[in-house]
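Enquirer: Which chain is which? The protein sequence lines are A and B, in order. Residue numbers for the first sequence, in the UniProt record's numbering: 1 to 472. Residue numbers for the second sequence, in the UniProt record's numbering: 1 to 1002.
Treat the hints with care, as some may be off.
Computed list of lysine-lysine pairs in BS3-like fashion (alpha-carbon distance at most 30 Å, straight line) [stated by the list, open to error]:
1. B:LYS135 <-> B:LYS861
2. B:LYS564 <-> A:LYS47
3. B:LYS564 <-> A:LYS297
4. B:LYS360 <-> B:LYS135
5. A:LYS344 <-> B:LYS496
6. B:LYS496 <-> A:LYS265
7. A:LYS279 <-> B:LYS496
8. A:LYS297 <-> B:LYS530
In silico negatives: residues of chain B with every beta carbon more than 10 Å from chain A [what the hints assert, rightly or not]:
9. TYR335
10. TYR424
11. ILE713
12. TYR882
No lab work stands behind these hints: they were computed from the structure. Cβ atoms here follow ideal geometry from the backbone N, Cα and C, with glycine treated the same way.
For reference, the chains in residue letters:
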Amino acid sequence: MKNHISHLIFQSRFYSNGIHLKRYLKTCCLFLAVVSCSNFIEVDAPKNVLISETVFENASTVESAMANIYYRMREEGMATYGLSAHLGLYADELDYYYADFNLLSLYTNSLLPENSIVLEYWKNTYSIIYATNDVIEGVTKSTTLTVEEKEKFKGQALFIRGYLHSLLVSLYGDIPYIKTTDYIENNTTARRPKNDVYQSILADVVLAQSLMTTDDPTGMSVIPNRSAATALLANIYLKLENWELAEHNATELIEAFQLEPDLNKVFIKDSKETIWQFKDDLITSRNTFQANQFIIKAIPGQTYSLTNTVLDAFETDDLRRSSWVGSFTSNDGLTTLYYPYKYKASLSDKESLEFSIVFRLAEQYLIRAEARAHLGNVSGAKNDLDVIRNRAGLEATTAATKVDILDAILQERFVELFSEQGHRWFDLKRTGRDGDILGAYKPNYQPTDALWPIPETELEINPKLRPQNSGY
Amino acid sequence: MTKNHNLCRRPRIYACCLFFLSISLTLSAQDLLVSGQVTNGQLPISGANVLIKNTNTGVVSDFDGRYTLTARPTDSLQISYLGYTSLTIPIQDRSTINIIMYEDATALGEVRINAGYYSTTDREKTGSIARITTKDIEKQPVNNPLGAMQGYLSGVNIVQNTGVPGGGYDIQIRGRNFINGGTVPLYIIDGVPYGSLSLESADISAGINGADISPLNAINPSNIESIEVLKDADATAIYGARGANGVVLITTKKGKAGATQVTVNLSSTLGQVSHFLDLLKTPEYLQLRREGIINDGRGDRLENPQFNYLYPELKTWSQNRYTDWQKELIGGTAYRNVAQLSVSGGGAQTQFLISGGYQKETTVFPGESNYKKASALSNINHQSSNERLNITMTANYTSEQNQMPRTDLSGVAYRLPPNAPELYTPEGELNWENNTWDNPLATLEEDYNVRINTLLTNVGVAYKLLSKLELKANLGYNTYQLDSYKLLPNTARNPKFGFTPQGYSSITTNNSSRNSWIVEPQLHWKENWKDLDLDVLVGTTFQSQTSEQLVLKGRGFSSNSLLKNIAAANSMEVREADDSDYNYQAFFGRVNLKLKNTYILNLTGRRDGSSRFGPNRQYGNFGAVGAAWIFSEEAFLKTNKILSYGKIRGSYGTTGSDNIGDYKFLNTYNVTGSNYNGTLVLEPTGIFNPLFGWEANKKMEAALELGFLKDRIVINTAWYQNRSSNQLVGIPLAATTGFGSVTGNFDATVENTGLEIDLTSINIRSADFQWKTTFNISVPKNRLVKFPGLETSTFSSDYIIGEPLSIIRLYRSLGVDPQTGIYQFEDYNQDGEITSLDDRNFIEDLAPKFFGGLGNTVTYKNLSLDVFFQFKKQKAFNHLRYASAPGILNNAPSYFYDRWQKAGDIAPLMMATSGGNFSLFPSRFNYSSSNKAFSDASFIRLRNVSLNYNLPKGNNKMAISIYLQGQNLWTVTKFDGPDPEQPSHVALPPLRQITLGTQIGF
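I would like the entire structure built from these sequences, with the hints used as guidance.
Expert: This is the structure:
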């Protein structure tokens, strides 16, 4: 309140002018004093904003904070459409038809550190990781949530934190593991060796697994629960060649879920084999991104089509070839292209028919088969493999030795999991075959392409992330 | 006599009669009764002072400009009126003396200049104030006041962003001060701050007007009396935290005492695109296309019908067809019809003005798109009979409706293959040519519609407590309401996609509003002693602004006929639901001391509090000192015949900026409007920093003002240096923090220096013939002075210490390699590779080097002609920025035919490519970011020509004038794009407009 100053100025200048003036001035100053109040410039928070502390005061707002995480994971797409399409291009699953420079660079394995997809994945993923850390910290500090609520949310957030780091480490190699919201610390964080990162992931996901239950209140696996953590653990243990734990975790799921016998029902939203999926809802009035992206409705107008490598990989009687591969022929009848047709509903009318699946049971059978083969249990491996083959209308595998059965499992993973979550690319990398197989199909492919570059701008902001991955 | 007159006039009439009576009574033998009429040549001037020289006796001319007084035959009459050159006329025994007064633009000491909280004159001002008045505004057929200012004001750089009606403008006053970009000045309309940021949503109108709708469109230029632009510290410091980017004061017309004056103005404008690009014709285009496919190693596809679908332009479309798509899509004529009616008048105590206008403007696009605007202004002034109380009330209401296609057709007009098919089938349906192309006119079915209602009101109350002490209060309320929608029916998309209304059709709506009120009580004290004049002002401001925006998208309709009803959508999505409050409080003051009319000292200050900052950071202090020495008043110059006026002035002070958006200091979660699995989404808003504070902007100015030959020539020269520090920037963060930046004060300094020269010269002035010239030029220079840690920051590729903020880094092109046919670039670090970080080292600047205007006004009897040129020296991205390779699908300028074809060729452009050869990508893209893609875009533009003829007055006293005006008539430039003023290759350039109109006054 500064009006006493003006009051003083006038008092002194006019003092001699007599009593009338003083009365006037008093009135004026009173006027100024009444209208000015010190908290005039403090405004209420807007209606569309909640002050952070209040978010963690009750379970429903924390649920909203988690909903943000799932919403962003779905919309920003790495776990939904992104990996399926982008790594399909990067490996040998998809051909590309548009002239988007960033996608072309993926397709031609000539990524630059400035590539916008390389940057978007890095940026968006760490941004969602921030949100998980904010939930973990907020829930931990909260004095009003019950123990059960705290465990549920913390379990979910830890699981997502682990899952996202596992995607990053598969793409970029050594990365920082972010466990706090402190921006000063995170701004200058350093990359940690891949194996360290995996240890942190395991720590998070194992803890998450113990905090979460197998309850699925929605009945559609659209919020991750203990089973999702178990599926992720099986997947990671396989990568880390911890065959016992891979088998152990896969078994837990195989005992709890059932395969969907009809191939045409595997990807519908209430498929029995789905372990975790993202709900695509009517608000955006569409079914899955994958269906919108892959299904060819016009030539020209196509973005992707399946490569001959994929088409040739199917055995002759494989039902997946007819159920999960679609085709489109141009108006003039001269051009026919094929596309992934696992997700079939590309536009919605009144109701979504399919959601985006992250983990499903078939993968767990194949994980367990591979783990068992490595553990010397060839017949157990064969059994698991044949479950998948039988569903696709194929005879039991003829592979008999450990080496043969491992090859057969990889081949089966290719045709079962094509155009899903980048499985093809990760499998080739994991088994060290990326150089041979991709090198033959894609002339530009070099061994250093096994890792994406760290985004250039990030290296500039935080020099501790240097050096760049080799080859870039 | 009084029966037929308006009530308002009565007091004045009685006063006149009484006065007349009293004169009659004192008439004596040797006195002479002198009468006559004061006019400006056509219209009466009421309120002019007619004084007998060397006496205190005199009268004021009445509403018809008439006067009567008694004087001795040997006396002289002295006639003066604000803004007109004073005259002295000897009576010489005449009893009737009609007086014609001339408006005097160089009446330095008489014309009051609005400085916001106070007014001053050119002669006495200590600060830098540029000004444009109704005289220059009404000559220009523009929709937005900013359009009328272009080129007229030194130091003010204005660019019209689009030729689409209702679009926005960019304005920079004395350069860019802040790294975070904002150059928006503070707009004050009749004393009330007015939010100038667009409330349109990019979801809705990004394609047609870049979501940029200037709220200033609501101010009808013909209702404007004057626009003042405050530039230096002396003028802006009283606006404290909002003054850093300058202040634009808009004053609307006020009622004037005198006969009730009715003015009708009718005009019709034709507008067309002023310049079309010279693009490839069909044979050349197809030749390049074919050559590109062959060069890409895909020649076999030309014969293979399997690939027909990829190249319809070569395979299925007619090879001989040619359409000038520019003519077809943006070659129409836009019509604007304007009707304006105003009534003003009143007596000594009360004056009024009522003005209404309506305009309708169409576009150069095909179809029925149009922009409509209706506006009303009313103003009442009242002064109590004891002259103590003064009340002014102004209300301005504008309603706009703009209906446009969803996308500007300019971009597609430049890009479409010249042999692209017919737009319509013979049946009149959109032609999709067997689904081989996206028909550009489909966008006409994608309706964009916006309605804007604006109400600006203000009341000014002043009460004289004592003869020299006045209590004032300025109260204002503004409301701006924008409602828009965009329709995307499935029928506007290629049928090949098989879209249905259920699956595809959508509507997006935006309901936005901004309301603000302001209360500003003030005390104003004037005192004068013998040689000293004192003027003191103190006041306080309370301002509150609330904004709301709700953007909804509804998708899936059972039929397109329901599309406008969002309630009929299958699903609805909230795209944006924002609301914000902004409160602002200040104390301000001014002390002005004037000694002997020669030495002037002006002190201004303000203490500002803003809700945009966190606790304990809300207040900031700002202030300035300005001084002037009118040296022509000194004895040694007072009688100088040549130099009639000379002043040196200077100012120094600080202003600030809180232009960072609301609530940035709070740690919050945001309701985004989305949900997941039925659960509302709450998203962390960002990393919060409760500690940021005001940006500071220190301004310094020195100026010399000279008037020669009784001020017939006036030259003002100003030099300024503005330094902005404590920059509020999004300090970049590593992505591992979860966010891109955190808002904070950054210890970087940006400097703007410049020289501005304004010249006015009355070359010839006689009763019948006048010729006046005005000229202004601004030479701005922007420089980044300090930026700690620039090299290691994310800004390292954007800025360089010592260079302007507006630099761009480019590759240096070495032309086309005669052997390989692709572009070569200088390898600055000689590592054998061309990389963005190391080799983009060719520095260019986007900001203009200098700009200004030259105007000439010639008046001969009833005819007057104005010719105004605008000029700007600048560089801009040319066509190569958007496409650098011949042979791609999009059409290109005809010089693209001059390409490399075989080894040994020396050619300006690379080999043709169809776009399918990935190995050519780096070369193509680097060329678009090379010095070759950035070239001279300087221009001299005949911005305005206005010819006005006043019909000789008949007996009915009607004053009729007819005018012909042209805007943007002719341009000299080397620029290869559509328009150098707004060097975009996708937006409709500002149109060339010719207006024919008439004004009738009675």
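Enquirer: So, for every hint listed, does it hold in this structure?
Expert: Okay, the hints, checked on the actual structure:
1. B:LYS135 <-> B:LYS861: Measuring from Cα to Cα gives roughly 17 Å; hence the hint holds.
2. B:LYS564 <-> A:LYS47: 28 Å, holds
3. B:LYS564 <-> A:LYS297: Measuring from Cα to Cα gives roughly 28 Å; hence the hint holds.
4. B:LYS360 <-> B:LYS135: 23 Å, holds
5. A:LYS344 <-> B:LYS496: With a Cα-Cα distance of about 18 Å, the restraint between A:LYS344 and B:LYS496 holds, given a limit of 30 Å.
6. B:LYS496 <-> A:LYS265: 28 Å, holds
7. A:LYS279 <-> B:LYS496: 29 Å, holds
8. A:LYS297 <-> B:LYS530: 90 Å, violated
9. TYR335: With a cut-off of 10 Å, B:TYR335 remains clear of chain A, as the shortest Cβ separation is near 39 Å.
10. TYR424: The assertion about B:TYR424 holds, with a minimum of 21 Å to chain A.
11. ILE713: 42 Å, holds
12. TYR882: 14 Å, holds
Hint 8 alone, counting from the list given before, is not met by this structure.
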